[in-house]
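Participant: Residue numbers (this note's numbering), protein chains in the order written: chain A, 1 to 376; chain B, 377 to 752; chain C, 753 to 1128; chain D, 1129 to 1504.
Please keep in mind that the hints were generated in silico from the structure rather than gathered at the bench. Careful, some of the hints might be misleading.
Claimed, not checked - List time: in silico BS3-like cross-link candidates among lysine-lysine, alpha-carbon distance up to 30 angstroms:
| no. | chain 1 | residue 1 | chain 2 | residue 2 |
| --- | --- | --- | --- | --- |
| 1 | D | 1227 | B | 451 |
| 2 | C | 1022 | D | 1227 |
| 3 | A | 99 | C | 1022 |
| 4 | A | 75 | C | 851 |
| 5 | D | 1203 | C | 851 |
| 6 | D | 1203 | B | 475 |
| 7 | B | 451 | A | 99 |
| 8 | A | 270 | B | 575 |
Being a predicted model, the structure only gives us computed values, none of them experimental.
4 protein chains.
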Amino acid sequence: MGGSGFGTIFTVTTFGESHGPALGCVIDGCPAGVPFSEEDIRRELSRRRPGGGGPATTRSEPDEPEILSGVFEGKTLGTPIAIMVRNTAQRPGDYDSLKDVYRPGHADWVWEAKYGFRDHRGGGRSSGRETLGRVAAGAAAKAFLSGFGITVRAWTSAVAGIDSPGPGESGFDLDEAERNPLRVPHRETAERILKVIEKLRAEGDSAGGIVSCSAAGLPPGLGDPVFGKLDARLAAAVLSIGAAKAVSFGAGFAAASSRGSLQNDRPVLKNGIAGDGGASCPLPPGVPDLEYETNNAGGVLGGISTGMPLEFTVAFKPIASISRHQETADREGNVRDLAIQGRHDVCVCPRAVPVVEAMTALVLADLLLLNRSGRT
Amino acid sequence: MGGSGFGTIFTVTTFGESHGPALGCVIDGCPAGVPFSEEDIRRELSRRRPGGGGPATTRSEPDEPEILSGVFEGKTLGTPIAIMVRNTAQRPGDYDSLKDVYRPGHADWVWEAKYGFRDHRGGGRSSGRETLGRVAAGAAAKAFLSGFGITVRAWTSAVAGIDSPGPGESGFDLDEAERNPLRVPHRETAERILKVIEKLRAEGDSAGGIVSCSAAGLPPGLGDPVFGKLDARLAAAVLSIGAAKAVSFGAGFAAASSRGSLQNDRPVLKNGIAGDGGASCPLPPGVPDLEYETNNAGGVLGGISTGMPLEFTVAFKPIASISRHQETADREGNVRDLAIQGRHDVCVCPRAVPVVEAMTALVLADLLLLNRSGRT
Amino acid sequence: MGGSGFGTIFTVTTFGESHGPALGCVIDGCPAGVPFSEEDIRRELSRRRPGGGGPATTRSEPDEPEILSGVFEGKTLGTPIAIMVRNTAQRPGDYDSLKDVYRPGHADWVWEAKYGFRDHRGGGRSSGRETLGRVAAGAAAKAFLSGFGITVRAWTSAVAGIDSPGPGESGFDLDEAERNPLRVPHRETAERILKVIEKLRAEGDSAGGIVSCSAAGLPPGLGDPVFGKLDARLAAAVLSIGAAKAVSFGAGFAAASSRGSLQNDRPVLKNGIAGDGGASCPLPPGVPDLEYETNNAGGVLGGISTGMPLEFTVAFKPIASISRHQETADREGNVRDLAIQGRHDVCVCPRAVPVVEAMTALVLADLLLLNRSGRT
Amino acid sequence: MGGSGFGTIFTVTTFGESHGPALGCVIDGCPAGVPFSEEDIRRELSRRRPGGGGPATTRSEPDEPEILSGVFEGKTLGTPIAIMVRNTAQRPGDYDSLKDVYRPGHADWVWEAKYGFRDHRGGGRSSGRETLGRVAAGAAAKAFLSGFGITVRAWTSAVAGIDSPGPGESGFDLDEAERNPLRVPHRETAERILKVIEKLRAEGDSAGGIVSCSAAGLPPGLGDPVFGKLDARLAAAVLSIGAAKAVSFGAGFAAASSRGSLQNDRPVLKNGIAGDGGASCPLPPGVPDLEYETNNAGGVLGGISTGMPLEFTVAFKPIASISRHQETADREGNVRDLAIQGRHDVCVCPRAVPVVEAMTALVLADLLLLNRSGRT
């Protein structure tokens, strides 16, 4: 089947089915000496479970991570880091009624069309629980990046068409995003969205939404020309998250209806010239330390980081499992009436926030190492 | 520097600077026996040059391809296919005035920040001419795909905020897209856009736009779970094209403000059950041959093709080289006034159309081969 | 640090330090439906521990494998297979006396020269215990191969210059190799070698040896031209085993002093022509089903399997940890007298046998899948 | 078909059939600023053609290289370097008599068994001419390595069982190896071998031989643990050369019959402690600068370079094309009598010498770049 590996130098392979014994990941290529512990993983894993009586009737598993290798006395050894979380609340019986029907909006039928069988026990590898391995690996990538002063933050910027204020807008508050279960960085917007979500839940329906992400502290120069571009890699990374349908960097789709004189970001001197002292980041000698007056580019030009914040948004479709009645087909091709029961979120965004961060951190860690190798 | 290779089984490496001796590509992994000739490449290369008095003051190079290896008597040998196009109209002198300033919206400064130098002769590898190797490789991928009945078509669906009718809408005509230099599939819209482009050109400005792409004839089952998803691979592929800023599959960003009951595509029986006869595509025995009533998913669910048309759009920012005056910084960090002269398009979309097709064809060819290997 | 991943389609990543919490592997790309269980792993792991009062004072850990994912009801799911073995007998204290000296024949100093530190607790990833993950992964590869009738067998063919009879020679008996702790396929030779080993142990010394490997049932056609050759891949695979210093295919070094008329293997008809019925293996239509009268090639021509048994030998240097006094250097560069204590084997070959098999099985499984993808 | 790409960071893809329009390579990942020109390639290509009335009736093509991209004003640009050599002396007719028979010792039948067809025009990609692209790429790798003081030299150390003196032995002279067409580093031995070769040629037979290689100036620390070992990578690299059957590092097969006390190389202080001044190569602070009294390891321990010369030998089988009569099979499975006419060498070693150097240089260049990325 393949496809569970990611990255070139800082690599990760995730494993685990939603209803198997355990899930986790192996990170290969993380340098030695990075402070990292199970507590770092636990913190990120808990962010996957917004809980709090919020929009998601969460599976209440503790998701207790165990580091099996690669870390000794609180620091990475440079060897592969294996992380495991045991599944404790498998209830495969929940899904028995679904084994002969193809749920609309799910990969049920394509999985059978591809592999000739399907693990109906809650999605197997296409379950949201697969992201647990990604988030654990992302915790290691974040730990590595923090040594370079790089931070990655994501939040829910819209649900069901209701937008939250964004960076630079009045009321935007990332701390608030960590406090409310929706991960919305604005309390009043969060409350409005919560009401819509409750209404949708009552109707047996679900909502799409948008997750925004910003990474700060990047040096200029991350990303390779042509096929290995920073934005190309990030696009693959975030579109590999279930339910993600679109990604947009900087002005993105808005740039498509704009004009060059409005979109071009103007470069201005930030500090001095490298080599003459005063450059704020490592630059080859003779290169001036610049920044840009605006950031329509979203921190990436020609596929290479500009040193400005990396900014992008990811669109997620509504949760496909809804309790409203839907018509679908079963294994004999018959029309079947379906109303999906069980614990399901209304909107995937709050849970997707740490996954978007994890994938972004993995790409940045990989590029930071690749960059070291390729510099003249 | 790296980053000029793409793909896993059906792979391509492109080479060539915009002002060096030649550009081209080497395709490794294309199976033997595929009908392919220089004429196939020539046709695609000519589509990169919309010409015709249209929006783009094109470089008038003939772009004559030569197949150096891998093809014998009109068929691929299975060996690496090397394709070369000599540069004939290099005029590096055109760019001498730009060698000490950083053009807004270009990768000039990030390139220097990364590599310590810059090839100011028209962009080097970040020039649009690099896509010539991609289009040549895409011609081979298309030839391979056509043996499976798979076609890939792209067109300009919007420029400067003016939208063209799309598939299923009145007046949509892909043949028209090949006739007009804008690659817009609707004559009246093309004429409206042309007027806007002429106005922008007169003002020394440029326009963004959107390219849409549709691939038909895909079997269900292309794409690998988790990180190797069809849409994730395509996103990386198209965002590696210069000036691309966003990609959206199916309902995409629109899905983010919608609800599950409206977004879920309903599966219905198309033909019979595989193994019982009547399946319209290769399916494992016992799996019904389904299709979907709608295609909000854009032909991909859980990262795997559904057999419905693959549909996505790519947003391109406005051409960064504009003749209007802009302020920028130079190598000493001084403020400089800049008005870029020379032959530049107003909107990149018409030239991007065959590149989007090429990248899509390369991803599909690769997945078709990967799929054969991984099937149980 | 990287480097713990192996393979293209059927891939494995191993993890675990000799004195950390656990060791294991994740296999990604194994097709679904392969019968596989912990018992298959246990059998192979027990072969790593020749025991029996034999040449090796083995660490007596039970090496109990646990499958964490990818297997359900005795069959692979097609998803990543994670396998873990907990370390139970860590005694890091054993190695404290060695933390400031560089053991001759070990990677102690080069590891420090590369990484700036060293895990002196018994070797970390350069310990023989790392091969546990390989052997577990090899068990899955063997299970996959057995569905195609492919078997992989290795044995100790020489120790300290004493050669065992080989295939086709009188007395050669692979069952005997499984009975004696030296894995020598000839009882009398095993007894002779055992005496030499006991003498060397008494002298505080160690012995080199040769492991031979034979894989039967391969179809012709495995391996890719140029860089992806079957023998090139196998060479990398087996030389990645600690203490391996050389590999030789078929007549190997002997061929270097021979002549063409003696080395060329003569092809003869084995069965009929493919497509006319009678071919004993899948062949393109019109290709005769051949075999070779001799097998100087060792089953590989031009890097592609011939359908004859794949035969190669691997030379292992003597175990570097010896209790005889040696002079070496310490961290201050001083000359130090060293006599390594503790439980050490005299010859690595018996333990290397299942590792050579595992690496061979992993290469063959990968090529079998690659072959399916690339065939015209 | 695939398999024509090699390397991770410093990568090469070769292209070209022996009788197609051109052969060559694309190098992706070579850093910018490396002095490199067509003259560097020409020098290496001429070493592939020992000529001089010597053992090989060489094809007399001039092999004139053209750099198509990636080099400007005598230095690499960091962009892909494409190199092309046109075929000028194709005489496909030479091979028509062979199109229905399978030559013993060649990949004729396995190629058909794999691909369903065969390019009988002199071998296609399995021809020795394919190595032209490798040697051209190796020239770039050597140019890159020379900036680090690393040199790679290979020579013919044995033909038909006649050994030349080796490094450290009386009469060994690498300059002599460049003077005589056999690439034997000892004039008298070369003359003896020449006589044997003439005798074999008269008998219509051929000879095997051994190529030895030594790389000097390597820093300690090249190579990755577990699967990415220096010797594992080199083994794959050199066994990808046609007719190579075995590779042996340092004492190699001889170590297999030796004992630990004789094989362990003793580390001794070479200079001071890194950080205290006096280390002769870049080492992490606090690590002593060591060397080894002997080099049985061949410059690699635990898969990582020790800083001692890297030393290995490669065994080549006798040239398979011989003019003596042989029995073989044809496409109908009939027994056929065969006597191969045409221009064929007696021993491949002289031509293999620059190819072994090229593959070694490519591995070392790749590891040097990888090493920069992975260091803590």
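Participant: Hints first: check each against the structure and report whether it holds.
Facilitator: Verification of the hints:
1. D:1227 / B:451: holds (19 angstroms)
2. C:1022 / D:1227: holds (20 angstroms)
3. A:99 / C:1022: It is violated: about 49 angstroms lies between the C-alpha atoms, which goes past 30 angstroms.
4. A:75 / C:851: holds (19 angstroms)
5. D:1203 / C:851: Distance of about 46 angstroms is beyond 30 angstroms: violated.
6. D:1203 / B:475: Holds, because 19 angstroms separates the two Cα atoms, which is no more than 30 angstroms.
7. B:451 / A:99: violated (46 angstroms)
8. A:270 / B:575: The given pair, whose Cα atoms are some 36 angstroms apart, is violated under the 30 angstroms limit.
Going down the numbered hints, you'll see the structure goes against 3, 5, 7, 8, while the others check out.
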